[in-house]
Amino acid sequence: MSTITEIPARENALWLAFRRNRLSWVGLGLLVIIVGAAIFAPLLAPYDPLEQHIIHRLQPPSAEFWLGTDTYGRDVLSRLIYGARVSLIVGFVAILIAMVIGSAIGILSGFIGGIFDRVVMSFLDVMLSFPTLLLGLMIAAMLGASFENLVIAIAITEIAPFARVARAPTIALKQRDFIEAGRAMGFSNLRLMGGHIFPNMVSEVVVMGSMWMASAIRTEASLSFIGLGVPPPTPTWGSMIREGFENILDSWWLAIFPSLAILLTVLALNILGDALRDAIDPKTRAE
Amino acid sequence: MIQYVVRRVLLAIPTLILMLTVVFVLVRLVPGDAAIAILGDQASAESLAAMRAQLGLDQPIYIQYLDFLTKAATGDFGQSLSTGRSVLQEVAAVLPYTLELTAAALAIGAVVGIPLGTYAALKRNLWPDYFSRILSLVGLSFPAFVSGILMLLAFAVHLRWFPVIGSGGGGIVDHFRILALPALNLGLIMTAYITRVTRSSMLGVLNEDYIRTARAKGVRSGPLIRRHALRNALIPVVTVVGLYFGTLIGNSVLTEIVFSRPGLGRLILGALNARDYTLLQGLMVVFATFVILVNMLTDIAYGLVDPRVKYN
Chain A
1 MSTITEIPAR ENALWLAFRR NRLSWVGLGL LVIIVGAAIF APLLAPYDPL
51 EQHIIHRLQP PSAEFWLGTD TYGRDVLSRL IYGARVSLIV GFVAILIAMV
101 IGSAIGILSG FIGGIFDRVV MSFLDVMLSF PTLLLGLMIA AMLGASFENL
151 VIAIAITEIA PFARVARAPT IALKQRDFIE AGRAMGFSNL RLMGGHIFPN
201 MVSEVVVMGS MWMASAIRTE ASLSFIGLGV PPPTPTWGSM IREGFENILD
251 SWWLAIFPSL AILLTVLALN ILGDALRDAI DPKTRAE
Chain B
1001 MIQYVVRRVL LAIPTLILML TVVFVLVRLV PGDAAIAILG DQASAESLAA
1051 MRAQLGLDQP IYIQYLDFLT KAATGDFGQS LSTGRSVLQE VAAVLPYTLE
1101 LTAAALAIGA VVGIPLGTYA ALKRNLWPDY FSRILSLVGL SFPAFVSGIL
1151 MLLAFAVHLR WFPVIGSGGG GIVDHFRILA LPALNLGLIM TAYITRVTRS
1201 SMLGVLNEDY IRTARAKGVR SGPLIRRHAL RNALIPVVTV VGLYFGTLIG
1251 NSVLTEIVFS RPGLGRLILG ALNARDYTLL QGLMVVFATF VILVNMLTDI
1301 AYGLVDPRVK YN
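Protein chains in written order, with my numbering: chain A, 1 to 287; chain B, 1001 to 1312.
So here's chain B without its partners, still in its complex pose (with noise of 0.2 Å):
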């Protein structure tokens, strides 16, 4: 086991400096002048040169290349352009407010939509199995700003039954009532995600001989589904919510923008509104290390409870 997840562990180093790679050219082989794309065509030489050379760009490729590399294995994504502060930090002051509402989202996701994939799975091509097939096809389907929009628009400005606007302060309950609609849109989400794919698993596991033996053995229905198939239906389901992390981070900056909450969604707006080149390419490299890991402890977690997995 522990040589399985050493193995994982070093396999994703060179996916890891890849990735680096792939970021580094990405920005390079953008047409333009990073340094008049930042001060605007109107800076004079001098500044424009004194940028260049605070980027870095005035080194050749293959130093800014390696410099590039070295820092980041340091933990150094470079700084914001902006407020001079590391990615790093900057990042770290916002993630709790995206974190929160991630996990609140994933809570509700797991919540309603395992019960009514395996409920649509057990009666399936019945009404029941229709009903979450359209809601997960509905809620697929929704850009994240828009589904915020239109909640905003029935919950906070018609019924008026949230605040419109707030990120904090006040007390638990005003935290709760704040995060309430932004976790609920992200949680719809995540929900239709999350019942479309434990359907599916559950209809395969269904299909398999040892639920059909342990029927023939007279285990009642009840504990059928519970021990035997949902346990084994829900392993490709955690692979897949892992895989789906990537889509999560980019309905939560969009959820965020539609609820003015503070997190990485303003962070990402902010950089882009001060044209903060340096921070929107860190964050591009902290966002996909971050899915990196994800993967990586979804797989490592897969092998944990699939042994199969770990001889293959």
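Isolated chain A, as found in the complex (with noise of 0.2 Å):
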């Protein structure tokens, strides 16, 4: 009992936690394989994603496409590369600005307390009483569709949850002996927030990042497929099952590819998330 167990560094309790769980390879690999398709898209897609092959339109997977072209004869399987691009794109910015914004109002709010912390937790309560779908959906109709329209929406949806996760551990930390300390040597409050409670949750932060970009890219999906996503031409999943799902009863390779691109994409980073929220969590980190 009286023997004092060297506790290890926290990214390194992080890492071992997440290497014990082998789902977490299979999410890592996935998305490994997903990120590498996006960035390497010019060299690995077989076709330009909005050639023409009108001669060819609406065919079936063959060895020369290998997932079958569309409508106006684009190939699948490069639409299906490209794409990667718009979905991971849109979460990721999405998700860093909706970060960057929620933790400061969670850390503001937590950090000021009183009547101001009511006013902004009431705030948020609304905010998450909107569906996401709806709320999206709302302002990225009355934006118009385009690329960084859809990033603003999808950036709002996800701004609430992000303060709430920020806001629980500032009260917590605002009340530590650093703080005080600090508050003593005549720091600032913005240099208190920003140097020294915000470093204290970023792997919270950074790990509900990974399991709200699942979300992001769902909604972004769900919006394309609506009709308010990134305009056309411009490959995206979601219009393709979009597109692909007005010719469901006799061209199947046109809705299934793209939805199984969303499904892993989703899946992987879920997974992630899990295991990385597993390794942060001391409830389960203990057993």
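If you're looking for bench data, these hints aren't it; they were derived computationally from the structure.
Among these hints, one or two may not hold up.
Claimed, not checked - Listed below are the simulated SDA-like cross-link pairs for lysine to any residue, each with C-alpha atoms no more than 20 Å apart in a straight line: (1) Lys1123(B) / Leu23(A); (2) Lys1123(B) / Asp278(A); (3) Lys1071(B) / Arg1085(B); (4) Lys1123(B) / Val32(A); (5) Lys1123(B) / Asn1232(B).
Stated by the list, open to error - Every beta carbon over 10 Å from chain A, so not counted as near; a handful from chain B, in silico: (6) Glu1046; (7) Arg1052; (8) Pro1060; (9) Ile1063; (10) Asp1067; (11) Ala1110; (12) Ile1114; (13) Arg1133; (14) Asp1174; (15) Leu1206; (16) Leu1230; (17) Val1240; (18) Gly1250; (19) Phe1287.
The structure displayed is predicted, hence computed values, not measured ones.
The beta-carbon is built from N, C-alpha and C at its ideal position, and this holds for glycine as well.
Take the two lone chains, each set in its own frame, and fit them into one complex as the hints suggest.
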């Protein structure tokens, strides 16, 4: 009982717990493949994703077109590979924006406390009461369909959850001695929040980010499917499914491949998010 | 108890007012002119002015705000621009279809998810647990329209077990045949969610002292799980499912679109295509009100089953 066991550094423990989870390797592997496909799209895609091979339109998968062609005779595989870029970039940028704004709101609210905190919290509760898809849909519809507007719409839907995640540790941290010490040394509030509170919660926020990136990608795909995504002819998975859905009875390959792509991407992010969350959660880590 | 319920109901009122304010601000923050958005940029100046007057946009902003709040308080969430009917009428016309779908999905989720989650917790780190964890991860990763399309392809197009589209008509058998696939689709996602929540809640409860005490007293494992563990484990499940309500609405909208079912999904899609922004705004208010009320009811239910909550 009295022996002091050495506590491994936080990053180390995180890595250990992550490594023990076998499923997490599957998620990581999948994600590496998808991100790789997005980055090296020009090298990997057999055709130009916008090139129309009119005489080969609506062809089922073949040796020439591995995943078939769509109504305009465009190669489905090439569009799928380029589509990864849109999904990943929209998901990543939207989550990054939501993470920065949400964490700032959460830290500020927890740090200041009092009435300000109460007002901010009820505001966040209200934001959380809008169904994510409908909020994104409404904002995207009013802003008009474009890449930037899609990112803004999705970012807005994800700000409130980040603020909540950042607020709770802020309240615990601001009572700790090192913050008191910092205050005694005359550090500004901004410096305390940015330099001393934020670094202590950055792993929580980043882990949540990887989980909510899955949700952001799902929202992006859903909005594209409804017709509010990045406008054509840019290939996106959601809009490919939308186009394929119109021909679902005779051209199954149009909808099925982008569907699987979205599923695998979201699954990979969910697996990783789960593994990371288990790794930083002291309850599951202790076992 | 009554005091707790009253307090919880009163607490919902400022939340509702704040929600209305957020919708009001959100709609007006968006750049661009609502009248141009509705009529298109080719519209004449007179018709634009008429539209602004119809929307009340020619009034000062605080009048618009007060007007919006007082109307909402009486259940008037505005009118659809394309049909002229009130938002509530539009919602009421399609709500039964969506309610039927979500109720079926919740039933599937509860019937499959609760036993599966419980079993997984009991077999922790054995293959049933891995199976249920992977299953729920996959289920939670599906955007509702993706799983819907895959199901449509498999069961309706390929195997021809179910009709591809359809909304009703015919007898009760047809009715259920048409409901089956969309309900299964939404139910799959619901099952994934409930399995996951039940598992983690059950794991927490199984570690509690009173379970160990009961076991030490010789309570057999069947009654122990059912009467002592599951009852307590289900409390957080109810709460979390209540919180999931907003996502459930989004998923049923997508499911309805894929399966061409009438319901809120088609209403929203129609409002989008007709640029019917007042209907969209009204729908946001209606849905958010639903979510706030469901959260309130979950809190009250929580208070009913767990006496500790009331005193906090």
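Status of each hint after checking the structure:
{"no.": "1", "hint": "Lys1123(B) / Leu23(A)", "verdict": "holds, 18 Å"}
{"no.": "2", "hint": "Lys1123(B) / Asp278(A)", "verdict": "holds, 19 Å"}
{"no.": "3", "hint": "Lys1071(B) / Arg1085(B)", "verdict": "holds, 15 Å"}
{"no.": "4", "hint": "Lys1123(B) / Val32(A)", "verdict": "violated, 32 Å"}
{"no.": "5", "hint": "Lys1123(B) / Asn1232(B)", "verdict": "holds, 19 Å"}
{"no.": "6", "hint": "Glu1046", "verdict": "holds, 24 Å"}
{"no.": "7", "hint": "Arg1052", "verdict": "holds, 16 Å"}
{"no.": "8", "hint": "Pro1060", "verdict": "holds, 22 Å"}
{"no.": "9", "hint": "Ile1063", "verdict": "holds, 22 Å"}
{"no.": "10", "hint": "Asp1067", "verdict": "holds, 20 Å"}
{"no.": "11", "hint": "Ala1110", "verdict": "holds, 21 Å"}
{"no.": "12", "hint": "Ile1114", "verdict": "holds, 21 Å"}
{"no.": "13", "hint": "Arg1133", "verdict": "violated, 8 Å"}
{"no.": "14", "hint": "Asp1174", "verdict": "holds, 20 Å"}
{"no.": "15", "hint": "Leu1206", "verdict": "holds, 13 Å"}
{"no.": "16", "hint": "Leu1230", "verdict": "holds, 21 Å"}
{"no.": "17", "hint": "Val1240", "verdict": "holds, 14 Å"}
{"no.": "18", "hint": "Gly1250", "verdict": "violated, 3 Å"}
{"no.": "19", "hint": "Phe1287", "verdict": "violated, 5 Å"}
When held up to the earlier numbered hints, the structure conflicts with 4, 13, 18 and 19 and fits the remainder.
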